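The lines below spell out each chain.
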Amino acid sequence: MSIDWRVLSLLLMTVGLMLLAFPSQMLAQGDRVELTLRLLPRYYYIEIIPGENKTLYLEIENSGNKAITNIRLFSDKPKGWIVDFKPESIGHLGAGNHQAIDVNVVAAPDIDKGEYTLTLIAEADQTRTVTSTVLLVENAFSVWQWVGLGMGALVIAGFAILYRRFGRE
Amino acid sequence: MIERVHEHITGELGTNARTDTIFILTAILLNLITLGINSGIAASNGGATQTIVMFTFVALIIIVNFVAEIGLIRGRQMRRKLLNGLLKMYKDQGVEGYYDPSLLSDYTLRYNLFMLAVLFTGLIAIVIPFVLR
Chain S
1 MSIDWRVLSL
11 LLMTVGLMLL
21 AFPSQMLAQG
31 DRVELTLRLL
41 PRYYYIEIIP
51 GENKTLYLEI
61 ENSGNKAITN
71 IRLFSDKPKG
81 WIVDFKPESI
91 GHLGAGNHQA
101 IDVNVVAAPD
111 IDKGEYTLTL
121 IAEADQTRTV
131 TSTVLLVENA
141 FSVWQWVGLG
151 MGALVIAGFA
161 ILYRRFGRE
Chain C
1 MIERVHEHIT
11 GELGTNARTD
21 TIFILTAILL
31 NLITLGINSG
41 IAASNGGATQ
51 TIVMFTFVAL
61 IIIVNFVAEI
71 GLIRGRQMRR
81 KLLNGLLKMY
91 KDQGVEGYYD
101 PSLLSDYTLR
111 YNLFMLAVLF
121 TGLIAIVIPF
131 VLR
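The listed protein sequences derive, respectively, from chains S and C.
Note that the first sequence covers residues 1 to 169 in this note's numbering.
Note that the second sequence covers residues 1 to 133 in this note's numbering.
Calculated from the structure, these hints are not laboratory results.
Just so you know, these numbers come straight off a predicted model, no measurement behind them.
Glycine included, C-beta positions come from ideal geometry on N, C-alpha and C.
Be careful, since some hints might not be right.
[To be verified] To give an idea of the interface, some chain S residues facing chain C are shown, with a C-beta separation under 8 Å as derived from the structure:
hint, residue
1, W144
2, G152
3, L162
4, F166
[Unchecked claim] DEER-style ranges, computed between Cβ atoms:
hint, chain 1, residue 1, chain 2, residue 2, range
5, S, Q145, C, E12, 24 to 34 Å
6, C, E12, S, G158, 27 to 37 Å
7, S, Y43, C, L29, 41 to 51 Å
8, S, I82, C, G47, 23 to 33 Å
9, C, A48, S, F74, 32 to 42 Å
10, S, D110, C, L104, 48 to 58 Å
11, S, K79, C, T51, 20 to 30 Å
[As the list claims (entries may be wrong)] Facing chain S, a subset of chain C residues (Cβ under 7 Å, in silico):
hint, residue
12, I73
13, L116
14, L119
15, I126
16, V127
Only chain C is shown next, with the shape it has when bound in the complex:
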């Protein structure tokens, strides 16, 4: 049974990693595309319609980035819980020496960096077009 639980935990970890990758890539890609579109709109000295389009894209950036940030925060918490369970399992089996617990804090740091990358590309995508306008 313990082997099935182990498989389940590692499977969950894999799914978690894939979901987080999708969140990060989607947010960064959307931020960069929107940066291009809004910069183009801002440079064209457009009228009210273009301003509305620009603000719509800004709203999209804000929502997608907040969703991605919440997803990453939850992903980090989920990974920590799964790894804690895995560590406990290894301890019970007497093989805990093969898994360094400091990996947990490394994952936390990595998640924080991903969140910063998403946040800053989002900030640039919002601010730069308004500076160009």
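The following block holds chain S by itself, in its conformation from the complex:
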């Protein structure tokens, strides 16, 4: 059997070029470990009242092609906040599977109003993933509002004194 070296070299050159151009498609698919954390869209930039419980719905998905084990969930939260996950950990998540997680958030009761970032972290034996959301603290009756009201009361009292003192005909 004779080998046509010209055809063979042309074939090898074509394969080489394709490898350079599309490496991921050409290479045999190996084990891919990919964990995705997704917060439902309406839970981004939501309002939260200090001291009250707010539940966020999170979805964790194994978007790779290998099972992921021992997934622990925790958060990077502002000081004084309480963040609980239900469930707190997942023992095994098969490839292509996903699971819903409830995240109960309680903002510190004495916190000032404003925007706060909450980072949610999922750490497994094989990988780690992070997502974050911005929570808007509203209706917080902060010390500044007391200061404002106090000054308003002082002005009214001052006016009443002025009116009585200078208002005598």
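Fit chain C to the known structure of chain S by using the hints.
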């Protein structure tokens, strides 16, 4: 001579009205401008410097409003005295029937309303920025 005194009193009344208008407009305008500035500062979540600026403006509001209130109280008293003199003069001249004495109480009410307007715009200018903060 009585005509000169009459001119003097009416002139004083005119000056009094102008002075009171300046007090009212200055106080209300300052209150509204400061309300805007302090609300902007409060919404920006600023630091210590901005808080100091905010409190400085609050002190300015308090002082200007108190000055305006005292000015209006004095203005009201002055107007009453001038009008009482004018009424007495009209009585002496036998023309008091042309001037209704109830105008005196109307002026008092009007002055009280002006003072309330100044006081409440001042209160809003002080309290609202702190509520926004």
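- CB of Y43 (chain S) to CB of L29 (chain C), is that within 41 to 51 Å? Holds, at about 45 Å.
query = Can the hint on G152 (chain S) be confirmed by a CB-to-CB distance to chain C that is less than 8 Å?
reply = Holds - the Cβ of G152 (chain S) comes within 8 Å of chain C, reaching about 4 Å at its closest.
Practice prompt. Starting from the range 24 to 34 Å, see whether the pair Q145 (chain S) and E12 (chain C) falls in it by beta-carbon distance.
Written response: Because 46 Å falls outside the window, the suggested range is violated.
Using the nearest Cβ pair, does F166 (chain S) come within less than 8 Å of chain C? holds (5 Å)
Worksheet item: Would the stated hint for L162 (chain S) survive a check requiring a Cβ distance to chain C of less than 8 Å?
Response: Holds. Min distance 6 Å.
| task | Under 7 Å, Cβ to Cβ, is where I73 (chain C) needs to be relative to chain S, so tell me if that hint holds or is violated. | result | holds (5 Å)
Discussion item. A range of 32 to 42 Å was offered for this pair. Does it hold for the Cβ distance of A48 (chain C) and F74 (chain S)?
Written reply: 34 Å Cβ-Cβ, so the 32 to 42 Å window holds.
Residue hint L119 (chain C), partner chain S, criterion CB-CB below 7 Å:
At 5 Å from the nearest chain S Cβ, L119 (chain C) passes the 7 Å test, so the hint holds.
Does W144 (chain S) hold up as a contact with chain C if the rule is Cβ-Cβ below 8 Å?
holds (4 Å)
(message) Next item in the hint list is V127 (chain C). Is there a CB on chain S closer than 7 Å to its CB?
(response) holds (4 Å)
Checklist entry - Is the hinted range of 23 to 33 Å satisfied by the C-beta distance from I82 (chain S) to G47 (chain C)? => result With a Cβ separation near 28 Å, I82 (chain S) and G47 (chain C) satisfy 23 to 33 Å, so the hint holds.
I126 (chain C) as an interface hint toward chain S, with CB separation required under 7 Å
holds (5 Å)
Of the numbered hints stated above, those contradicted by the structure are hints 5, 13, listed in ascending order.
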